[in-house]
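**Student:** Below, each chain spelled out in residue letters.
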Amino acid sequence: MEFDGERILDGINLYFNDHEFLTLLGPSGCGKTTTLRIIGGFLTPTSGRVLFDGKCINDVPPYERQINTVFQRYALFPHLNVYDNIAFGLKVAKLPKDEIHTRVQEMLEIVGLQGFENRRIDKLSGGQQQRVAIARALVNRPKVLLLDEPLAALDLRLRKDMQNELKRIQQAMGITFIYVTHDQEEALSMSDTVVVMDKGRIQQIGKPEDIYNEPKNAFVADFIGESNILDGVMNADYKVKFFGRTFRCLDAGFQPNEPVDVVIRPEDIDFVDPEAGHLTGTVTSVTFKGLNYDIIVDFKGFKWLIQTTDHQPVGATVGIRLNPEDIHVMHKSEYSGLFGDYSSYSAEYDELTEDADDEEE
Amino acid sequence: MKKTNRLFTVLIFIFLYIPMAVLIVGSFNTGKNLAVFEGFTLNQYRELFRDQDLLALLGNSLLIAILSTAIATAFGTLSAVGIYRMKPKLRKAVMSLTNIPMTNPDIVTGISLSLLFVFIGTGLLGQRQSLNFWTLLLAHITFNLPYVILNVMPKLQQMNPALQDAAMDLGCTPLQSFFKVTIHEIMPGIISGAIMAFTMSLDDFVISYFVTGSQFVTLPVKIYSFTKKPIHPKIYAMFTLLFLLIFVLMVTMNLLQLRGEKQKAEKRAKDESKAMRTFKRVAAAACAFILLLGSVLLIATTRQDKVTLNVMNWGQNIADGSDGTMDLIAAFEEAYPYIDVNYSEYASNEELYSKLSGGGLVVDLIIPSDYMIARMISEDMLLPLDFENIPNYENVIETYKNQAYDPENKYSVPYTWGTVGIIYNSKYVDEADVTGWELLWNEKYKGQILMFDNSRDAFGVAQYMLGLDVNTTDKAELQKCADVLSEQRPLVQQYVMDQVYSKMEEGNAWIAPYYAGDAMMMMENNEDLRFYLPEDQAFNLFIDAMCIPACCQEKEAAELFINFMCDPEISGANMDYICYGSPIAGADAYMEDYLAESEIIYPPEEILKRGQSYGFLPEEITRYVENLFLQVRLN
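Here the protein sequences line up with chains A and B, keeping their order. Numbering-wise (the numbering used here), the first sequence opens with residue 1 and increments by one. Numbering-wise (the numbering used here), the second sequence opens with residue 1 and increments by one.
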């Protein structure tokens, strides 16, 4: 897919299974919305094909596809009330009035908006508008529902509620959901399959657990949760060397002495007495996070993020032990060296990534 | 500070609305004079609704306004959508291009449209009459379009573009999505655009004046030709109604916008949507009805089982049934039921000349003056008459046949004759000063003197005063006249033609050179007015004669009309109204005695001997004189 000669999507090859909740996850500008618009029919790919039930639908306009969309900011029709918004697609399809009525009532019940039929759109809260948008799409009984960052405009609390709600609706109706978000937590908690995208390419496809535990490269490791990423060398199967020491690990199948990226999740690290540790370092910063502390420890000039419930004062010397299951080894990639260093860590890190919202076009 | 602000607001409102207030009060006045309120009456409104001609004109204006608004709104909305879909750079460029016609002076738009219509109609399609209802409609659509686009565009830009995607996603084709979603979003823009277009169209004068033919005239264009007599108070009544109509439209428009901005309570919204739906249905029905009515009217007016005779005459130059006179056009139509007379007016020979030479008009009969007839003959603008169709020609007194302007009398039949003298207000002008043409140069009456607004008559006055030949081709002599006229320039209040009536009758000017017959009419309305022919100096003796221009399409009907006018009884009745001398033998028997015996209309033989007629001037001299006069007026 190209815009004005600029390549936006490259080599996308995706399969969607029936009744699946699939999430396209990636930072702003990674091409996830473009992918969604191609599936919806609002964009025609410059090359490649979109198959639906085995048939190429490249030239099928959006209004003839059995696909419906929940738009980023809902795009409800302001001149119609709740009922007429939901009934819109059915009226266009010229269904009998009785059927329209039953199906709209049914949808109102599913999204929990009974009694709101005559409410004007601008008299609804964000969450209610969200439900109307979902109902308006689902009432047409599409085979696939596309959701473009549907929860981005809601506050945190409401977002959590709606996540559960969406999952419930998806399971109840048994429709394939293709969900676009930049929020990794949302992706992990709702999806059957997560597709991590960056720079117009698919970085990894897998179940949420696999993506988290077995990231394929430094980008995925960093984007999904927090990761300390170190340069290492794979001495042999199950043996990886970094910081001048060889550790036992669970990974195999690398070339002998292949340079690799080593991922260590901050929450997998436990403090021990300095003498008993594999490594010793100095605490340089401590941030209280509620559930745990974010502690930055300087190991020989390389700073790690460690998430633990054990409080350590700044300046303390600490030791850590690494168990084989705490260590994940990845092949080198174009992202190596770009992520996983907390030398410039600040407490606002999280918020910064989240605010870098997503005006993709 | 607040107080002064409020004071200024009040002052501005007074300033803006006082003229309308005067008009509205005037429309309820029993008297004719706006300055004195003599009593309340609804008579003007009654008269207005009884005046079929005026109502027909108003109907014309409304028809054009409604049709052009409907078409411009539809096209303008579609264009706005098209422009909106363009890439931003191109869109900006196109928007500035569509805005230019709005800032363009009306007169430029009017003349260029007129040229275009004549070029296409007469030049390419070979129509004789290229200016008509359709050109007027096209012109109105043209100048209405930008207003619609300008109003719709911002609404499109405010609209969430995802709405159209959403509609398509839910099964709408692009066209359906426009009608089911987009149009609702931009409706306030469409409505305000339409209202603006309607008001622009309804009150347009300048552009309409240039692009319409003589068959279909709108109200503003017609009112412009009412300048001769003081405007009848029933016109005030009509203006009041028009003002109210536009006022109501504007208020509606503002309320609609306000409603768009305000959010309303749920229940009210529900009621409104119901009311809105009913309103829409009614509006749709009304639109359909008006369109239907419009087309029926059109078909009715364009059906041609009758012959239309287009007569173009001086303003107020035929008896029209007012003040107890005979309505000659009605009488003619009664005598020849298959002929419909379409009557229009001009204010000077020069105006008639430029209208005819501009092309695009069909005129079957004109009544120019002597020197203009000579000019038109020399330029092949007239057709020779078939005198077999004009047996009444034998009634024409020999003196008025074979005149210098038409020596073999092939092209013209005399209509009236008369003199040019000075009309003055005896209340202000000292009788001792009333001697010759010099009165028009008298410093005492600076700012109270009116002068002819046409080169031939203005130079004639100078030539008679200086004792020069009025048909001279000597440029030095003409230059001398120009110098004298330039000297007069600072004394002159205004250069006028038909406006002389209201100025003199209302005492707003005291001295003016004008035609004797018109002077008689003015004297009927103001008893202080007097008329005289200068002592011991020459003056203009003119003949207006009926001619058939080259653009004529109904020559035989035109000749019947000429013949009709040569009947002594008809000519006499005509003179009762226009107060000129009749060239028809025996006409005086049918004129009112005071006219037949008037020395103003029929001066004694020894005075009449001093009269001189305008003769033919070569094209070059005519242009030279016109240029000199232009310089006199501009300096």
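If you are wondering where the hints come from, they were derived from the structure by calculation, not from laboratory data. Treat the hints loosely; a few may be bogus.
Stated by the list, open to error - What follows is a list of derived Cβ distance ranges for each label pair:
no., chain 1, residue 1, chain 2, residue 2, range
1, B, Pro174, A, Leu156, 30 to 40 Å
2, B, Ala74, A, Asn118, 29 to 39 Å
3, A, His19, B, Ala74, 28 to 38 Å
4, B, Pro161, A, Lys167, 26 to 36 Å
5, A, Asn118, B, Thr41, 27 to 37 Å
6, A, Pro45, B, Ile120, 27 to 37 Å
7, B, Pro161, A, Gly337, 48 to 58 Å
8, B, Pro161, A, Asn118, 57 to 67 Å
9, A, Met173, B, Pro174, 52 to 62 Å
10, B, Pro161, A, Asn292, 22 to 32 Å
11, A, Leu156, B, Pro161, 25 to 35 Å
To be verified - Partial pick of chain B residues on the chain A-facing surface, computed with a CB cut under 7 Å:
no., residue
12, Asn160
13, Ala162
14, Asp165
15, Ala166
16, Thr173
17, Leu175
18, Phe178
19, His184
20, Glu599
Note that the structure is a prediction, hence the values are computed from the model and not measured. Note that CB positions come from ideal geometry on N, CA and C, so glycine has one too.
**Student:** For the pair Met173(A) and Pro174(B), does the Cβ-Cβ distance stay inside 52 to 62 Å?
**Tutor:** With Cβ atoms ~29 Å apart, the hint is violated.
**Student:** Note whether the CB distance of Ala74(B) and Asn118(A) lies within 29 to 39 Å or breaks it.
**Tutor:** At roughly 33 Å between Cβ atoms, Asn118(A) and Ala74(B) fall inside 29 to 39 Å, so the hint holds.
**Student:** Looking only at beta-carbon atoms, does the pair Pro161(B), Asn118(A) fall within the given range of 57 to 67 Å?
**Tutor:** violated, 28 Å
**Student:** Go ahead and decide if the range 25 to 35 Å is satisfied by the Cβ distance of Leu156(A) to Pro161(B).
**Tutor:** holds, 28 Å
**Student:** Ala162(B) was flagged as interface toward chain A. Is the shortest Cβ-Cβ separation under 7 Å?
**Tutor:** holds, 4 Å
**Student:** For the pair Pro161(B) and Gly337(A), does the Cβ-Cβ distance stay inside 48 to 58 Å?
**Tutor:** violated, 41 Å
**Student:** Holds or violated: is there a CB of chain A closer than 7 Å to the CB of Asp165(B)?
**Tutor:** holds, 6 Å
**Student:** Please verify that hint: Leu175(B), Cβ, nearest Cβ of chain A, below 7 Å or not.
**Tutor:** violated, 11 Å
**Student:** Could you tell me whether the CB distance from Pro174(B) to Leu156(A) stays inside 30 to 40 Å?
**Tutor:** About 39 Å separates the Cβ atoms of Pro174(B) and Leu156(A), which means 30 to 40 Å holds.
**Student:** Verify the CB-CB distance for Pro45(A) and Ile120(B) against the hinted window 27 to 37 Å.
**Tutor:** Violated, at about 49 Å.
**Student:** Just to be careful: measuring from the Cβ of His184(B) to every Cβ in chain A, is the smallest value less than 7 Å?
**Tutor:** holds, 4 Å
**Student:** Please test the hint of 27 to 37 Å on the beta carbon pair from Asn118(A) and Thr41(B).
**Tutor:** Because 53 Å falls outside the window, the suggested range is violated.
Checked against the numbered hints listed earlier, the structure breaks hints 3, 5, 6, 7, 8, 9, 10, 17, 18, 20; every other hint is satisfied.
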